[in-house]
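Protein chains: 2
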Amino acid sequence: MVEAMLSSMLTEILIPVAALVGIIFALVQWLVVSRVKMVPGSANGANNNNSSKNGYTEYLIEEEEGVNDNNVVNKCAEIQNAISEGATSFLFTEYQYMGIFMVCFAVIIFLFLGSVQKFSTKSQPCTYNKEVMCKPALANAIFSTVSFLLGSLTSVLSGYLGMKIATYANARTTLEARKGVGKAFITAFRSGAVMGFLLAANGLLVLYITINVFKVYYGDDWEGLFEAITGYGLGGSSMALFGRVGGGIYTKAADVGADLVGKVERNIPEDDPRNPAVIADNVGDNVGDIAGMGSDLFGSYAESSCAALVVASISSFGVNHEFTAMCYPLLISSMGIIVCLITTLFATDIFEIKAVKEIEPSLKKQLIISTVLMTIGIAVVSFVALPSSFTIFNFGEQKVVKNWELFFCVAVGLWAGLVIGFVTEYYTSNAYSPVQDVADSCRTGAATNVIFGLALGYKSVIIPIFAIAISIFVSFSLAAMYGIAVAALGMLSTIATGLAIDAYGPISDNAGGIAEMAGMSHRIRERTDALDAAGNTTAAIGKGSAIGSAALVSLALFGAFVSRAAITTVDVLTPKVFIGLIVGAMLPYWFSAMTMKSVGSAALKMVEEVRRQFSTIPGLMEGLAKPDYGNCVKISTDASLREMIPPGCLVMLTPLIVGTLFGVETLSGVLAGALVSGVQIAISASNTGGAWDNAKKYIEAGVSEHARSLGPKGSDPHKAAVIGDTVGDPLKDTSGPSLNILIKLMAVESLVFAPFFATHGGLLFKL
Amino acid sequence: MVEAMLSSMLTEILIPVAALVGIIFALVQWLVVSRVKMVPGSANGANNNNSSKNGYTEYLIEEEEGVNDNNVVNKCAEIQNAISEGATSFLFTEYQYMGIFMVCFAVIIFLFLGSVQKFSTKSQPCTYNKEVMCKPALANAIFSTVSFLLGSLTSVLSGYLGMKIATYANARTTLEARKGVGKAFITAFRSGAVMGFLLAANGLLVLYITINVFKVYYGDDWEGLFEAITGYGLGGSSMALFGRVGGGIYTKAADVGADLVGKVERNIPEDDPRNPAVIADNVGDNVGDIAGMGSDLFGSYAESSCAALVVASISSFGVNHEFTAMCYPLLISSMGIIVCLITTLFATDIFEIKAVKEIEPSLKKQLIISTVLMTIGIAVVSFVALPSSFTIFNFGEQKVVKNWELFFCVAVGLWAGLVIGFVTEYYTSNAYSPVQDVADSCRTGAATNVIFGLALGYKSVIIPIFAIAISIFVSFSLAAMYGIAVAALGMLSTIATGLAIDAYGPISDNAGGIAEMAGMSHRIRERTDALDAAGNTTAAIGKGSAIGSAALVSLALFGAFVSRAAITTVDVLTPKVFIGLIVGAMLPYWFSAMTMKSVGSAALKMVEEVRRQFSTIPGLMEGLAKPDYGNCVKISTDASLREMIPPGCLVMLTPLIVGTLFGVETLSGVLAGALVSGVQIAISASNTGGAWDNAKKYIEAGVSEHARSLGPKGSDPHKAAVIGDTVGDPLKDTSGPSLNILIKLMAVESLVFAPFFATHGGLLFKL
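Each protein sequence line maps, in turn, to chains E and V.
Quick note: the first sequence uses the UniProt record's numbering, first residue 1, plus one each step.
Quick note: the second sequence uses the UniProt record's numbering, first residue 1, plus one each step.
Hint data in this document are derived by calculation from the structure and do not stem from the laboratory.
Which copy? The list can't say, so a pair holds if one copy fits it or any two copies do.
Taking lysine to aspartate or glutamate and the EDC-like style, the derived pairs with C-alpha atoms no more than 20 Å apart in a straight line are: (1) K605 <-> D437; (2) K75 <-> D272; (3) K697 <-> D272; (4) K364 <-> D349; (5) K719 <-> D437; (6) K263 <-> E526; (7) K263 <-> D716; (8) K719 <-> E265; (9) K626 <-> E85; (10) K37 <-> E78; (11) K697 <-> D716.
Isolated chain E (complex conformation) (with noise of 0.2 Å):
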């Protein structure tokens, strides 16, 4: 075996400077973000307007001009201090409960952790090599507790940073949408990026800190530090479950209640002002779309990244300690902010975008660069960082492995995702014939529309899981689990680019609800609209992205879990196996009909609130009077806190009981069931949910002989596509992204609590 290139002093430098590099990019971000000023007549406003004139940059389309403006901009400033202090109120709510459960949480890991070996202070033998002496499992408790707290905070973080950037930005890309749309979509696209870098470097940065700190104590136990880490992928995907499914059921309640009443029964316009959830939906997308998300995203990370060091632990970079070669996974996710950094340049620096139809384009043009890029940063990771040849743990034996099969174990993944994202936005993408077809089948009804919808979710799934089993195939038959663990580091190595572009959605989307409600005129609309279909589009790829990145991560834990347990074989053809397979298999079910509910009964109570305000409040509709906003804001914080409790409870209790009660093998069964049939109707429920979206949006806004034969807005065709787009909106927004949590955590938290399980579980057949 050769050493690796890059030195251990070296890769201890490389990591934080990638991380701050990002941290620095993401402030710059900002900084430029900033130079919009929400206050009327400063220097970017009408003053420095008549200067720059000729110059297509400074150019206020005139009816925005004079006058007015003054007014327009204190409007857009007073509805973006709404959003803002509804999303930050629900948040803070949202991260009491939180705490409540990590406190909770964490008193269980360490005790369940800590009754491994009885709370014993005493060192023991490792689990793996006998001969050695590891710390006590006490010290593990303790350690895997931290890590469950500092990661339940970096994700909790990560979410609040998200959601203060997009609040930040929603009304300045209104402002210099009366510029342009090129200038509008760079502010959206920056914050996106803001977002993204933050998240990516913190992860990175937060994780690489807590590795060092606790080598302190662990000294030359490798495997008991990275087995401690695990606490930092379960804090992370944790806190990303109440966030997806709380912010899920938030945003989903507060616009199907706004357009069940607003758009179908009033036959108001959507973001209409008159209309009184009109402001908890845009406070929904920021704590659903950006804030859950957000913490979804880090989650996978910070699990993926933890399934490749516990698995790396017992291979021959942790026996043999070698440095540079275990921090692999990190060095990919530093050379990720890097790329990604290159990659952002591209779209805000290099290219320059001068009319609508560029967007999407520009768009789709930043992930395949970041692909095509980050491909060449694998493959120079992976010859300086690696041995050029080690062996891997593999199910009880070890298994020889060379540095380029690692490159494309990391490299399958990463391309993975991207024909993922392509097959996402070809089926969700109206400028193709899938979502044609859904459009067309809305001139016989809302009826044939969900079938044809339901129809190309479920057909939408084909591509994808042969791209997942290939990836899992090629990188399981290289380098075993940990093969699998960094193909799904590889998909999610472009993390900063895929949220900006993430981000960059609700933002627009945001953008385009403030300019209604401002009252700002129908160019600026037609231009945020133009921004938003793009971003409901990036919105599937991205999704479709996270879905196949938590089904790889998932994968990873399991494995990682399956060698912590000790377990060499899950063999279906045990009763054990196969019960908990189908059992497991079923849970996506029962989650999803309890999410999909808590939004029908919170949507239900949201109609009831606005038809109320409707019809006591005198003058609302001719727009006399102002809404109550602030009820609206109320019922869905009330409803998603209630709510999103007996979900939580099914995926954090599901592993315990079972592991306790049935023991692991059963437990693995249930993972592996959840696991492949979760990921398909995770897959299919957004896809479904997206294409009912851009059908409707094809015929509102008719650019083809056949899209005006549907329309016009109000047609019957419209009508029924409105049907199938209120019903997509749980299933793309809350039920559908929450599955990869669902994956994800059991895993993860079947990983941490493998050493309970392994020692005191399956009491029901010791009985």
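Following the hints, position chain V against chain E.
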């Protein structure tokens, strides 16, 4: 080991006797039904009427008496004729397609299995006991092909006979409805019983004869004998595939097409004779819900018997040539026929239905009585037909099993079926809160209705999956794969009663349609509607049990396949198996996408034709002109035959391709994945559909204060409910139930081709 009490000779006699008793009973019931004359003015008609007017039995309600009577009877006969002709012509066309398939596939079976030993005619060492010589693989190829053809023909016959009796009984039920709901109920139920008993008895008899004839050649080589017999299951199930899919597409294309134009656009009632698609709709009930379902359940029955027999042949029963014990599965089925016969008498002779509200309890009582009696029956068979202790093949080892353990295996399956049935009823009957909640959600429109309905379907899988998991665990732990196979047989042992109840539904549905078309009075229609509503719920129960049994059957076949392919573990932790698992879990989605899209496209064609007729045939809406029913029948026929081919290919080719290219491990993964994922979609799809249907009926019937607040027909909530019902149609009658066959058929096909895959499979990995 103690010998079984029942001698081989007695076994040889008892099985065919039970089958013949079943057939005779069915013929007697048919005779009773035929006494309802379709010729006006006969003994049973108006003449006889005066003499017994004081008795409830022969009393015709007033508006049906007198001069109009002849006219009505003639009209009913005419409509019945049209339906019967349409159904017969469809089935014959379908059989031509199936015939071609059957011949091609028979050739494939012969070539694949013959090639295992290069078409050698020499005897060879047995697979499990190398010291004994077994018949050559060529013999296996020939006999498998023959039993495949026999299974196919029996399946086709089952479907055809069911259709014949159903179309014979529908108008008779309508006519009897003039005398009272009890009379009509008995007629419909007796006709259902004809189908149930014919199918159960025929299936048993043909299987029994085949075994005995094959034994002449095979002699003591039971391993080879029962391997060849598995072709019977494959034949039964592959015909069922086309029957279910083709029939399912037919019935729902016609139904959705008829509803979308008739009910939604033209505002005419269901089954209105002015609707051109109305005959096609009624034909559809007979070819889809009767013939398709008949073939499906026959397939399940044949497969579970084959799975049990093939495992038994390599257990002590087969090795020691204990004929009685070997025939245990057939004896259970024989006992089932007798038990169901007694159960039927309760409905037809012991309790009499006098009021509408007694119908549903009476049907449910059938299920409970048959289950209780069958439990005793199983105990009797287990104690007289089995030695007190024996060994069962368990993936390479022999496991010692007691006869009472086998009793528990069968009984747990039987009772799990009942539990699944009642849970299904809870979620789909409008007497309970889940459906009422769905109906209530119609207040806010179709979108919330669809959301709540989907959530209900997802939720309804929880308990059935636990019931299946428990059955699997108990029977697997007690008697390995043989336990699972007999548990499936237990669930299917009361198949005659189950089928009678299932077939009763579409017959009543048709009877209502005929009453409407013949212009009979409102009161008659109310009676047939009441019959139909009860049938809807019991149909859902039947579907639930069919899915449950399919899950067990499929697992049993999977186990038999694994045994035959000489695999001892199916380890999820190997890449070959895992990719199989995840791709397998995707197949039900692919398949559902195909079938739902097919229904959608076929329905669109039907809508166009119905619209065309309404707009081009003058006087159609006024009832002055007759629509062109034949054209609609033709559209449904053509569409369903064309559309059944791609999903059919998916199911039939997947095991062949996977087995040949990727080998038996990956195929095992595919089977397990398809099973655990498919059963969930199947249950949720059929319950969602059933719930929407009954939510609509709940609003229409308006029996409670709450229901009335949502109605009446034509109100906004009712319109929303109709949309849900239409979406549910393909879910509950096409894609949901077809998934049963997907999971069973892939398993039985793998089992039949196992020797080929074991010898020549996995080409891709051999490169």
